[in-house]
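**Student:** Here the protein sequences come in this chain order: A and B. Position one of the first sequence corresponds to residue 1457 (the numbering used here), numbered consecutively onward. Position one of the second sequence corresponds to residue 1457 (the numbering used here), numbered consecutively onward.
Worth flagging that the hints you see were computed from the coordinates, not collected in a lab. Ideal Cβ placement from N, Cα and C applies to all residues, glycine included. Take the hints with a grain of salt, since some may be wrong.
Pulled a few chain A residues facing chain B out of the computed Cβ check, cut under 7 Å [to be verified]: (1) Leu-1498; (2) Ile-1501; (3) Ser-1511; (4) Tyr-1554; (5) Met-1599; (6) Tyr-1610; (7) Glu-1611; (8) Ala-1775; (9) Pro-1776; (10) Leu-1778; (11) Gly-1821; (12) Gln-1881; (13) Lys-1882.
There are 2 protein chains.
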Amino acid sequence: MKRNIYIENMPLEKAQTLFDQRLQEENCYRIQTEEIETTDSLNRITAAAVLARRSSPHYISSAMDGIAVKAAITAGATEVSPLNLSRESYLEVDTGDYIPLEYDAVIMIEEVNFINGMAQIIKAAVPWQHIRSVGEDIVTYDMLFPAFTRIGPYEAAALLTAGVRSLEAVKKPIVGIIPTGTELVAQGSDEMPPGQIVESNSHMLKALCEEWGAIVKKQAIVIDDKEQIRQAIQETISQCDIIVVCSGSSAGREDHTAALLEEMGEVILHGLAVRPGKPAILGLIGQKPFIGVPGYPVSADLIFHLFARPLIYQLQGIAPPLIPELECRTARKMPSPMGVDDFNHVNIVKIAGNHLCFPLAKGAGITTSLVKSDGILCIQRGSEGLQAGDNCIVSLRRPLNIIDNSIITIGSHDLSIDILTDILQKRYGLRLISANVGSMGGIFSLRRKETHFAGLHLLDYETGGYNISYVQKYLAGQPWMLVNLVKREQGLIIPKNNPGGITSLKDLLLPQIRYINRQNGSGTRILLDYLLEKENIPPEKINGYNREEYTHLAVAASIKNNASDTGLGIYASARALDLDFIPITQEQYDICILPQLFTAANLERLQTAIASDEFKERIMAIGGYDLELSGQIIMANNI
Amino acid sequence: MKRNIYIENMPLEKAQTLFDQRLQEENCYRIQTEEIETTDSLNRITAAAVLARRSSPHYISSAMDGIAVKAAITAGATEVSPLNLSRESYLEVDTGDYIPLEYDAVIMIEEVNFINGMAQIIKAAVPWQHIRSVGEDIVTYDMLFPAFTRIGPYEAAALLTAGVRSLEAVKKPIVGIIPTGTELVAQGSDEMPPGQIVESNSHMLKALCEEWGAIVKKQAIVIDDKEQIRQAIQETISQCDIIVVCSGSSAGREDHTAALLEEMGEVILHGLAVRPGKPAILGLIGQKPFIGVPGYPVSADLIFHLFARPLIYQLQGIAPPLIPELECRTARKMPSPMGVDDFNHVNIVKIAGNHLCFPLAKGAGITTSLVKSDGILCIQRGSEGLQAGDNCIVSLRRPLNIIDNSIITIGSHDLSIDILTDILQKRYGLRLISANVGSMGGIFSLRRKETHFAGLHLLDYETGGYNISYVQKYLAGQPWMLVNLVKREQGLIIPKNNPGGITSLKDLLLPQIRYINRQNGSGTRILLDYLLEKENIPPEKINGYNREEYTHLAVAASIKNNASDTGLGIYASARALDLDFIPITQEQYDICILPQLFTAANLERLQTAIASDEFKERIMAIGGYDLELSGQIIMANNI
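Bound conformation, chain A alone (with noise of 0.2 Å):
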């Protein structure tokens, strides 16, 4: 099959005024509207300035519960000589009771004395005291609020109460989306063969649309061949405003999206010079904005919020939400390439007065940077990236508040800072964000003063001991706190039944066995270069030595999957996953707390969390752990 591997890289603004022109030109932002009831106008918006159908109050009311009079008779009404009503002359009223014509004036309740049916009074009533007019509140033919409102509760009270019983709506746009790929399936499952991916890109475009006010027409997923991809887009187009393809836009054998936009209405362009969403393809057909949305997700979803969310809004007559922005310092050094504008998500954490961001992991493919994503940094063409320490702009995708009531765990991971974070959300709604670089890295972001907490697991080769001797070297000078979480179980983790007959480290050289190794600096790194050493086992013999994953889980899944046969890692993730496993050794995993980066709210709540009869039941559950020391100071340097 032929390639078409030339594609564009169009920089943003010029495709940005290249779209909305040709739209312009074609007429496609005209809004469309139609007649709603008021009973179903919640959220909708106006499509035509409303006004009232009916006065409120319609009729003269009492602004009080007292008596309504006529206040031509109370005159010369004073404390010490009051006055007298008889029953004829007043009428009880409550708030909101009409006031019939022979009155003018209501007395409150608190200033009426009633003696044998007879009201008393201290005090002359000054003409329409207490009297609500007509209209107080809405007068027929008042504008109650302009075109391109959106009816809030407020707005549907206004409209119930102006007894306004239909009105002019936005129609709210119809967005079609076609998820294509043969590849491609719709729920996942553990007994998915290799080569197919779940579907799940369409789902988040549908929330995005409903969530900016589009309904969506979602078809079902069309396998990669033209013209079944002609007939689903046939099929969707006479139904919807805006027409979605999702990926097929690349330059791979199976992509026939731009091709068949050519062959069916005309491409605008194909390829943006933006990192990731690089294949991107925006077109029309008729008068319909086509939008090819590449396959990765964290591409999909910044191509949809370039080009998807300004059209989904203007189609409605009103401006998208702001996005706020918050000016951060980098935690990492974040180079870029130059022709590209980069779109970077970040966690963001304040620390010491300073919002630092850190770039989460850079993959096209990761479902979970768009979950853990605090915001997008975006490193415009022409710079060569950022230095760590820099200044930058970042567009939240969180609420700051939430952003601010967060704590940083940066260092080697274990489930129980899982458990950790699931604690600590639950009864605290305090957020931990986790990012596993390692004990080392743990070490190096401690001395930096950029992490509240460091999970470490590190073997001091002489004593045998764990972690002290690591955080008194790097960490002198400054205070901080080792506190235990766990011992555990770390070995061989093996597929069940051990198919490769490994029994002990000295199998690794054998050349069949395909290791999975944990990245530099990691604890589990350092303990394995420690045993092989005793051993006398050199690395460069072990197939597989260089390739490095970043958790337990991750080896564990690798070897799940077949794609290795072992790794070293903790028992805990072989059981997770129903692999078998060598017991090696067993190690100690301490957390290091900087408590001077702490609120004294936040560091009792971390304290309470560890020392939870939850936390301890959680671990044990999972097994291969030890809490004998769990909670406990290992060892503090309080300067």
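Using the hints, position chain B against chain A.
**Tutor:** Showing chain B alone in chain A's frame:
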């Protein structure tokens, strides 16, 4: 019937603490959970940490379009000595394709030159390059997110990718809302007899509950009969988690709520030291929190925000979204009673770099204040209020970017202002706030530079001309521009077929004729006083000379609803409400613009809107207007 006028006056914080404490004691905050399908999980909140059920990708896959090779065979390939790979030694792959076990690297398609079925490469491959490892995105047993996470578009995609079919979610709290009141009707119409009120509060509260994440069971209106209300409560309470009774919370003769709650459960408090909202009731029936909401909509909204909102969020395990605050300057003196926390709805506009806030009409019955409100300014207990120009903190009810994209007009009202409002919103998304304070009020706002422009129709007794002499006198020394909007007919608005037999101003002296006047400082009042003086009619002899309304439409509505017999006003108002009209004079309605307060873009927008055909056509469709001078600059002072 018995009146129960003694309600408490409890300070707000005390009430909040007391309510919270009793709910805690009765274990009302326990969070209910339910298992839901992932496909129904959008916008739901997790009740427990969600773990991945599968890894993604679950196979080793290509990260690029290209060819899969065994890295070892590529050794030695360089630009000067390219290597040709036979068709048996490589596999063509697209992004995401499975990499069979015999390969361990991918070479990008851009770096491959296909020649006669051979793949020529010019660089050796490094093992595992461009290969996505198993679980690069998600690993089985990874914690996808902790408890109390809202499932948004990205969480939904991650759940699908991670093979999670169902999850434990927080059950949405159910709020039972019972509207009570014999005077209430479900729908407004022109034929409502005096005393009837449209029931809109329950709709407003329902929409608020839904915004806050709850489900609402809204009952039909119940009349003010204690037993019928008791029955409605009994029927509702078993189906809901929170019970809300609308109105009947005060001390009128038909207010049964507190007494009923006393019998059925527990009154925690009745009566709050807040304005508005004093007669609120808080209590418990069994373990179900009970909120008795006052009948006035502004009170109902406030009490609901103070007590229902935190409760509904608490029952979902999440914190309510932060309400942003803004520092403003008060444009008006705002006196406030010492004994209450006084909540004032305000409009906010940015003028000369300052956010100025303008209090909206104070009545608790004014639904339109809720629609217009940009925020709430709370004047705390113990303060006698604010002086004009004081700094204050406003809790925003509208996004700041919308507030900041507003201009304001304070002065005399004319229907043409509404039409401008609509056109500016529709064409430019520019919000025009208007406050009707009459022409002299407009002059003073201009003088204080607190309004972008003002509508004026001020007759000069000496010259018979309009506006110029006033503007010259009061705005001496500052730049201004006087632009005509319309000329319009002023006259006596009278009921259809003139039942009072009014023929001229002299008839206002008839004792049976109830006049409805405009407020002091309004152009119409000045005109009236001029006309009365000219005809030697003593104002104090006119029945109703002291009854004041703030707009022409309000005068017309009063006459339409037989609350008065005549008033001076514009033809357009008489016609809008299908009333008769006795013409008296034609007057000139100009706007005085302060150009220095505008951005260049907004000034041009205003001028373009006034010059537009749409503006002229809509004005002429109303009738009683003359556009001879419309859009002309009458005079300008360009300092």
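**Student:** Take the hints in turn and mark each one as holding or not.
**Tutor:** Here is what the structure says about each hint:
no.	hint	verdict
1	Leu-1498	holds, 6 Å
2	Ile-1501	violated, 11 Å
3	Ser-1511	holds, 4 Å
4	Tyr-1554	holds, 4 Å
5	Met-1599	holds, 4 Å
6	Tyr-1610	holds, 4 Å
7	Glu-1611	holds, 6 Å
8	Ala-1775	holds, 5 Å
9	Pro-1776	violated, 10 Å
10	Leu-1778	holds, 4 Å
11	Gly-1821	holds, 6 Å
12	Gln-1881	holds, 4 Å
13	Lys-1882	holds, 4 Å
Consistency with the previously given hints fails for numbers 2 and 9, ordered from lowest to highest.
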